[in-house]
Amino acid sequence: MDNNKYSVINTHVHNIDGFAKVTGRATYTFDVTLPNMLYGKILRSPHPHAKILKIDYSKALEFPGVVGVVTGKEDTLGVKQGIWRRYQDLCDEQVLTVDKVRYIGEPVAAVAALTEDIAEQALDLIEVDYEVLPAVYEPMEGIKKEAPEIHEGFERNINVTRHIEWGDTDAAFEEAEYVREDWFKVGGQHHVSMETRAAVSDYTPDGKLTIYHSNQSPYYLQALMAGVLGMREGDIRVISRYVGGAFGGKFELDGAIFCSAVLSKKLNRPVKIIYTREEDFIASKRRTPMFYYVRTGVKKDGTFLAREAKVFTNGGAYTGMGATALYLTGFFHSFPYRWRGYRFDGYRVYTNTLPSTSMRGFGAPQAMFTSEQQIEWIAADLGLDPIEMRRKNSHYPGYEVPGQATIGSCGIDQCYDEIQKWIKDKGTLPDNRAIGISACGFMTGGIFNWFDTPYAFSAAMVTINQDGTVELHVGAQDMGQGSNTTLAIICAETLGVKMEDIKLHASDTDHCPPDLGAWGSRQTLMTGNAVKMAAEDAKKQLLEFAYAHAHIVSKTGLNIVYDLDIKDRWVHNVARPERGVDYSELVRIALRGKEGQKIVGRGFYTPHRKGMISPAYSYMLQGVEVEIDEETGKIRLIDSLTAHDCGQPINHLGLIGQLEGAFSMAAGYGYLEYMPFEDGMLMNPNLVDYHMIRATEMPPTAVAEIDTYEPEGPYGAKEAGEGLTNPTAAAIGNAIFHRFGVQMKENPIRPEMILNALKEKKEQEKAGKKK
Amino acid sequence: MEKQLLTLTVNGQPYELYINPKTLLVEVIRDHIGLTGTKRGCSTVSCGSCTVMLNGVAVKSCSILAMQAEGAQVTTIEGLEKNGELAPIQKAFIDHGAFQCGFCTSGMIMSAQAFLDENSNPTEWEIREGIEGNICRCTGYNSIVRAIDATAKGEYK
Amino acid sequence: MIHDFTYLKPSSLKEALTMLEEHKDECKVICGGQSLLIIMRQGLLVTDYLVDIKHIKELDYIQFDAKAGLKIGATTTHHTIETSDVIKKNYPILVAMENKLASIQVRNWGTIGGNLAHADPSGDPCPVLMALNANIKVGSAQGERTMALEDFSVDFFETALEEGEVVLEVQVPTLEAKTGAAYQKFNLLESDQGMVAVAAAVTLNGGGTCKDARVVLGNAGPKPIRVKKIEELLIGKAYNEKLFAEAGAIASQDCEPVSDIHASEEHRRHLLGVLTKRMLKQAWEQAKG
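Chains as they are written, first to last, in this note's numbering: chain D, 1043 to 1813; chain E, 101 to 257; chain R, 38 to 326.
A hint or two may mislead.
Claimed, not checked - A few chain D residues that face chain R, going by a derived Cβ cut-off under 10 Å, partial list only: (1) Ser-1049; (2) Leu-1156; (3) Glu-1158; (4) Ala-1213; (5) Pro-1793.
Please keep in mind that the hints were generated in silico from the structure rather than gathered at the bench.
Note that the Cβ used here is the ideal one computed from N, Cα and C, for glycine as well.
Build out the structure end to end from the sequences listed, making use of the hints.
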């Protein structure tokens, strides 16, 4: 990868939203105020499972300053919606529920008042009669015959099942010379975006609805809101200009957007709803907790033969994106290795707890925590080198995961080299430290059209102004990961202009093309391809005029064997780059040639014939050096190196930020971020008791970039930032394994758990039992 | 509730407001004066996104009664730039990509600026301790530490 | 949501105490407010009058005298204590403790008096000051009284302050020569409160045996616990790591830690034992010089 061949790509480009963000000018939904605006608050269910018999809000209406109250029954169509629109039975959530509550915190009514204080006081005046129903909180309880039915028609509360299989798994197990089976309990996690859920809905009596909402996909929210309100998509505008973090939790309908819209529609005034941090914890959605059974069969020389996994996930009260998480955990549980026989059976079970949904990593962090640890234990059981054992079984470019995917570029092999070198250079570690590694691979955007959209997955438009500045319209959404900058970079490089020439338009359904939005690490590849196509289209139109213009032909010394291109605003003969004209000159010529119409380039992308999962896969191997205090069990992260294959990096600063940020979230999943529930109630819905890494806990996070080229991605790029959330919990677990020889089968791994494991190990050794 | 008079200086400008005394400083800044650069992210004095400078020191404006800022000099993120020229710390943040979603950034920069005002030659650990009161969910902090370190070393004017 | 109150801003201590006497149980004192506003926001504290003493300069001071020891006024911020040269020189343990207390922003505005009056069992200053044998002076319009700090914390968030009284001053005696002190809290994050904490102070005789020892457990019960049994164990003895381990065993029994989502009671007892052992060793070695 020769960085010098690009003018903009993989150079030190500043984030184009940086100026607004570091000066306090960036206006998030949190900051939006509109004239005549009211403030809304949501009344939430105190019960995990109950029928709503009656809601009496007459006293609330009398409270001075209260303007209106809405309930699901009186003020909504009662539409059961969900993001998996293709499968109606998975659309199970009314958001503002009508007949029944299914988790503590579910919205039951909403109030709009002149001030937030008044709205909050009014909540206490709403009387709700519930018929409390028995509840279940764990999937293994939820599937019992006698368990209460949470959703009608879902026998034993089994919400979704998934089966993935290739090869003859049983035969492969027969051939195995060593078989190991383990059970794991993998935890949930909360997104904890710094901006809590927020929405400002402005319905006007002419039937138009404008919504300010921080989300990952303005198009999704526009379409979903149209569905639940019985409105046309075109009469709804969603604006999501600056988003204070999302991490997978903000592309579905939430209580803020829905209740504010319903209130606004009833009262014909703008209504703003902002969740408190506590509400955000208890009434959004979370990463899916899972029970994992893993059985693996290998040859004594470490050749992987058979893998079987049975997984029960705690789906919580509604489906959300849980169906995807269930599939992806099963798919990535096989990564990054070749299995002769592979079988995964997943069951997503409804419970009366906080709904589970997508969260950065999308089921893969759970999969890696189990797979990568068990593989480490197998290597130890057989006395094999854990890196070499992984290496000989890994994917390679062109490998076909039978029936599932064809791997394009794959740099995992070089990743092993980098980490091996790093470990070797470290030499002998102090007694209380150990290194753990974890491999993984991840998707670059999803192929399956579960949203049932008729639109191309991504689209882009490039318009050239008479002064050469460029309007770039995309539907992709920047939630902090830097897609605005990445796409502007691709546009600038392709068109041959500079970054400061690009004005990016995004985050507004009125002005931007539909795009599936920011999830599954899709935008650099999918929207990037659309942008590249649009910019190439615009450039081609420009150059057509150049080829036909006598003056330019003469200046550039053109004949039929020569090409023109544009680079750094210089329209030139590719073979003789010094011969050219200024880009702005060509723009004016083209404008006249098009009878005064601006040049508009269009692009789009939908993956076709790319398998079942994703058009491309990233790969990585991460090593983490961990210090563990033997007497207290306290963990300290000392150092890390991630060898990372994301194809061609596009946004250099963005890439580093994604890697470091993913590490902090993934490490939190490994040893800090526990979410204890008691009788369906989250016990730590605040930032004191929910532990997240701060600056004092972060170790160095070096990257070794592996040079590959992904044919499916723009300029060879594939994903970076979500895959990196996958390995760290397993790496920490493996470090603990190497330090103490104990196997941590539950995460987050807390000091008490380590000490208990050590105690158990001592007792077993005393009793003369081995392992 | 009878409103009380509060006079204070924000970003060099004098303000005279009548407020309910239970009003928090962050509410005066965001809702009364209209400076929305300062954010709120929690109700337990944990996240630091509301950090401003009060008489030169970093404080969490969500946990200070506005009345306690009587006669004080308050600096918010909007007050760091001078005549359109960004402060060195702001330039450093841009150059190091020390932000992503940006929601914590105002508070983080105010903490960083106040920290550097007091400790102009910090070690890396001191920098990390200096921003310990600010949560960032996006960056993993290391780019922020690099930006503060570079600013301390005078790399930005 | 904070409930409405009438805001009173006395300009002197005398005026403040008069207000407290006038409004009796209908008023509450606010200083830094770093803890108070949280519980007011949660509706756990409702008051008709809020008396703001944050700006009373007469209570903002640090005085040190080689004989009389250290006196810190109640409205002195944590930051002032953390950066005080005289405290750094004579009571470095206090600077170390302040450095780990909450975060910079909280230390810039929160005060030592407010912290002690709040009586959060996981508070850092109280166990450390108790290990240093500190006293606390409180006062009302009727007069002042001084008591040992270990008698000041009474229960969860409850102190010996009577109606109309406010914290005035913390007094720390001069440390004898050959005294060492150490404090550590156990937490997952540097900025967290301690799940448990241990403060230890050791004074040695000329011959190196223990002249005096004090171990105070933090967040091990409704208030900080001074483990007298450990003092009895150590006084007169020589440096012996086995002794420290034994002290740890005593500490792990002589307390009433809770079980909660962060740690079980058993784990807290275990941690208290480990920390006691370590802090005693650290304090002793510091005392040796």
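So, going through the hints one by one against the coordinates:
Among the interface hints, the one on D/Ser-1049 is violated; its C-beta lies about 43 Å from the nearest C-beta in chain R, farther than the 10 Å criterion. Taking 10 Å as the C-beta cut-off, the interface hint given for D/Leu-1156 is violated, the closest approach to chain R being about 15 Å. With 10 Å as the threshold, the beta carbon of D/Glu-1158 comes within range of chain R, its nearest partner Cβ sitting at about 8 Å, so the hint holds. Among the interface hints, the one on D/Ala-1213 is violated; its C-beta lies about 47 Å from the nearest C-beta in chain R, farther than the 10 Å criterion.
With 10 Å as the threshold, the beta carbon of D/Pro-1793 comes within range of chain R, its nearest partner Cβ sitting at about 7 Å, so the hint holds.
Going through the hint list in order, the structure does not satisfy hints 1, 2, 4.
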